[in-house]
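Student: Sequence:
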Amino acid sequence: MNPTETLKHEHQIVLAVLTGAEREAQNIQATGEVGNEKIGQILHFFRVFVDKCHHSKEEKLLFPRLQQRGMSARVGPISILLREHVEGREEVAAISDALERHKAGDASAAADIAYHLLAYAELLHDHIAKEDNVLFQFADDLLTDGDEKELAEAFDDLEAKEIGEGVHEEFHEFAHEILKNE
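In terms of my numbering, the sequence shown opens at residue 2 and continues consecutively.
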């Protein structure tokens, strides 16, 4: 797979987990009950798979290469997507904070968990659409065959260093499990 195909494939895994996160948020809103363990697993996925693995491939590798090929980082898709990465990290931190408050006995934190899960899901749905339908089109036009080969190898190296061997596959399994439980 070329780099954009790899990232699009990862988007499908993210979307599956977002479906599970939205379902958890809706359940919290309906019942007031929080599955602390399940929310913890979802947070772990967001922190490791989405941020350390997927967003790192974009921020450390793809975006700089696109800049080398003439795409601006100050205006346009890259600047917007980088800002959304920051917003996503803020939502994940808010979910984590609310979960810790809930575990400590603050029942009102349940509403915050649901709110921030839904806000994060909405942000990522829009974000993924921008990448799949705008940025990756530019990338496919701008990147040379050599760029694609180098990026594919760099993606593999980054993944091995950032999350470790076999962890990517574990996250795929987690995404499939979440969809099964729907």
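Bear in mind the hints are in silico, worked out from the structure with no lab data behind them.
Backbone N, C-alpha and C fix where the C-beta goes; we use that ideal spot for every residue, glycine too.
Check each hint, because a few of them may be wrong.
[As the list claims (entries may be wrong)] Using 20 Å as the maximum straight-line C-alpha spacing, the simulated EDC-like pairs for lysine to aspartate or glutamate come out as follows:
| hint | residue 1 | residue 2 |
| --- | --- | --- |
| 1 | 53 | 91 |
| 2 | 9 | 113 |
| 3 | 9 | 133 |
| 4 | 39 | 171 |
| 5 | 131 | 92 |
| 6 | 61 | 151 |
| 7 | 61 | 149 |
| 8 | 61 | 23 |
[As the list claims (entries may be wrong)] Simulated restraints, written as ranges between beta carbons of each label pair:
| hint | residue 1 | residue 2 | range |
| --- | --- | --- | --- |
| 9 | 163 | 106 | 31 to 37 Å |
| 10 | 38 | 2 | 20 to 26 Å |
| 11 | 158 | 33 | 18 to 24 Å |
| 12 | 127 | 158 | 52 to 58 Å |
Student: So, for every hint listed, does it hold in this structure?
Tutor: Quick rundown of the hints versus the structure:
1. 53 x 91: holds (15 Å)
2. 9 x 113: Answer violated: residue 9 to residue 113 is near 30 Å, above 20 Å.
3. 9 x 133: Since the Cα atoms of residue 9 and residue 133 sit roughly 7 Å apart, the hinted pair holds (cutoff 20 Å).
4. 39 x 171: At roughly 15 Å apart (the allowed maximum being 20 Å), residue 171 and residue 39 satisfy the hint.
5. 131 x 92: Holds, because 19 Å separates the two Cα atoms, which is no more than 20 Å.
6. 61 x 151: Within the cut-off at roughly 13 Å; holds.
7. 61 x 149: holds (15 Å)
8. 61 x 23: Violated, at roughly 29 Å.
9. 163 x 106: 31 to 37 Å: holds (35 Å)
10. 38 x 2: 20 to 26 Å: violated (33 Å)
11. 158 x 33: 18 to 24 Å: This hint is violated: roughly 45 Å between Cβ atoms.
12. 127 x 158: 52 to 58 Å: Given range 52 to 58 Å: violated, Cβ gap about 30 Å.
Going down the numbered hints, you'll see the structure goes against 2, 8, 10, 11, 12, while the others check out.
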